[in-house]
Amino acid sequence: MASISFQGATRRYAADHPAALDDLSLDIADGEFCVLVGPSGSGKSTALRMLAGLEACDAGRIHIGGRDVKNLPPKQRDIAMVFQNYALYPHMTVAQNMGFALRISKMPKDEVAQRVAQAAELLDLEPYLDRRPKQLSGGQRQRVAMGRAIVREPQVFLMDEPLSNLDAKLRVQTRTQIASLQRRLGVTTVYVTHDQVEAMTMGDRVAVLRDGVLQQCGAPRELYERPANAFVAGFIGSPAMNLLELPLADVGASFEGGVVPLPRDSLASATQLGLRTVTVGIRPEALRVAATDDPTTTVSLEIVLVEELGADAYLYGTTPGGHRLTVRVDGRRPPARGSQVGLVVVPEELHVFATEGGQRL
Amino acid sequence: MSSSTAEVASGTRPPGGHRLGRGLLLVVMCLVAVVMLYPFWFMIRTSLQTQEQFQSGSRGFSVSSWSKLFHDLPATQQMLNSAIICTCAILIILALSATAGFAFAKLQYRASTFVLLGIVAAMLVPMQSIIIPEYVNLSRLHLITSYAGAVLVYAALGIPFATFLMTTYYRGLPDELVEAGVVDGLSYVQVFARLALPLSVPALVTVTVLQFIQIWDDLLIGLLFVQNPDQRPITVGLAALSAGRVTDIPVLMAGSLLSAIPAILVFLFFQRHLVSGLTLGISK
Chain A
1 MASISFQGAT RRYAADHPAA LDDLSLDIAD GEFCVLVGPS GSGKSTALRM
51 LAGLEACDAG RIHIGGRDVK NLPPKQRDIA MVFQNYALYP HMTVAQNMGF
101 ALRISKMPKD EVAQRVAQAA ELLDLEPYLD RRPKQLSGGQ RQRVAMGRAI
151 VREPQVFLMD EPLSNLDAKL RVQTRTQIAS LQRRLGVTTV YVTHDQVEAM
201 TMGDRVAVLR DGVLQQCGAP RELYERPANA FVAGFIGSPA MNLLELPLAD
251 VGASFEGGVV PLPRDSLASA TQLGLRTVTV GIRPEALRVA ATDDPTTTVS
301 LEIVLVEELG ADAYLYGTTP GGHRLTVRVD GRRPPARGSQ VGLVVVPEEL
351 HVFATEGGQR L
Chain B
1001 MSSSTAEVAS GTRPPGGHRL GRGLLLVVMC LVAVVMLYPF WFMIRTSLQT
1051 QEQFQSGSRG FSVSSWSKLF HDLPATQQML NSAIICTCAI LIILALSATA
1101 GFAFAKLQYR ASTFVLLGIV AAMLVPMQSI IIPEYVNLSR LHLITSYAGA
1151 VLVYAALGIP FATFLMTTYY RGLPDELVEA GVVDGLSYVQ VFARLALPLS
1201 VPALVTVTVL QFIQIWDDLL IGLLFVQNPD QRPITVGLAA LSAGRVTDIP
1251 VLMAGSLLSA IPAILVFLFF QRHLVSGLTL GISK
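If you read the protein sequences in the order shown, they are chains A and B.
Just so you know, we're using the numbering used here here: the first sequence kicks off at 1 and counts up by one.
Just so you know, we're using the numbering used here here: the second sequence kicks off at 1001 and counts up by one.
Errors might be hidden in some of the hints.
Partial chain B-side listing against chain A, Cβ under 8 Å, derived [what the hints assert, rightly or not]:
1) P1174
2) V1182
3) V1183
4) G1185
5) L1199
6) D1230
FYI, nobody ran anything at the bench for these hints, they're computed from the structure.
Just so we're clear, the structure is a prediction, and the values are computed from it rather than from any experiment.
Using N, Cα and C, we set each Cβ at its ideal position, and we do this for glycine too.
Let the sequences and hints guide you as you build the complete structure.
This is the structure:
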């Protein structure tokens, strides 16, 4: 088990191109499950591959267990990796696949067999040990890829979108399996995904990246409740937070003919920066449906789409001022499509960001 | 009435046009088979006659041409010579094309594309145009009195296409497989030997079969680059048969048949591998 530390790690593929990973500084504690999340091209996979030694580190340092691994080949880093496409060796059986790394390291055969058997038991792979990868289903292949990593008992697990090839139901099932397995084994894990739901449900901490730059790193709840900027606010949470660009007024922001009161600190920061507009973030659950003639109503919404998920329903609609909003309501009696509802904004749950730059105010 | 009944009906009775097409295809295929197989039939029939029977056109059966072939000609030795030359050249071709192909496909080094293009361009150079300088070079190196000269020339002629084929094949292997090997502790040489090579058996077999047929059936290189009569391949031996004043056609046919057998056997034995793909199941 080991801690991981990125210290200004940078990867640049060409001098005239922006860095794929720009000055990443991130500490991951021993035994922690850290998820790197971001859209395509955010540099999350690059960071993982740099940690694995599959990608060079052009500037900065990377430490695993206090040891600088920048110039070490992958095999000396004591890591195991699970690939997106599993990368199982097609000419070997499941048992051979799982024991391959151990055999290369000249471990005695009995010990290899014992470790493979243990991992197979842990992952319910015992009936398949003599099969080849092409005879397995997607979920079984994924478990073999996990098993291949587990038998090595490495200091660090690296996982590069290991669930993206599974169907939705299996993905949810495997998600919890991986998370509980990691807690049981206690191995420091870095997990890359573009799926923010995976990130929020699996990670002890989540690091959000965009265009090669770390935006925020924190516990899932922290990211949800106090996003550091408008990008994180929009990326974390499903459905996404409503982000409205609104002009500043005396005690808040002008919205649909009225004023939405903003926190005093946010207003002070905005005034200090000389801003005229701010980006106000409202989570779908921070909007409460009321009757249109309710005096507390902030805005009315014409519903264009209702998504019913059972327990909840999501209303998608437009305001008279042309703002598009998403609202979460009780799934039992959602308003009908085409109807008008009044919305009450809960002021305590507003997030305020600078329109330029997007930082939290 | 359900649609399933209709489907079953249509399944058992294909449309008339479809059946006609299949029938026509069968006739054409039979004709092609006759055209392809007739030379073999001619060779077999003629090799089982005497020269007199063949010339007079009379019927008859004799194995004298076969005994003559082995008695008058060093046919066994020449077959062995062909086998030695073929095996050595193919081993060189496989070793170089597999390693080069892996390097071009997976170790993208600077200017690798240009080097590959250069090798592929070498495929376009006609063999006849380089044969004189090759001859001069190899004779200066005293290599034309042994197998070595022919082996080297065959290898040089076969490597460009083989490298191209192997590069294409290795490009089809996912990069993740190589990376998984590297993370598991393999060096690139070991990745090649333990992962890429076993997975490229179909491509290696394809190269082997194509090169075997080409080298085994070739006359020109053997004629020029194997000057020692004891080391001549079978094709040169057969050419010598027809170089005399009178050519014994049945003996020539027996020799031709004998020399064709290994190439046919190699093809029949390996044809299953030629079309099979081993890479299924690497990923999703």
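Do the hints match the structure? See the list:
1. P1174: holds (6 Å)
2. V1182: Given a least distance of 5 Å, the restraint on V1182 of chain B holds.
3. V1183: holds (5 Å)
4. G1185: For G1185 of chain B, the interface hint holds, since the closest Cβ of chain A sits about 4 Å away, which is under 8 Å.
5. L1199: Constraint on L1199 of chain B satisfied, holds at 6 Å.
6. D1230: Since the shortest Cβ distance to chain A is 43 Å, the answer is violated.
Checked against the numbered hints given earlier, the structure breaks only hint 6 and satisfies all the rest.
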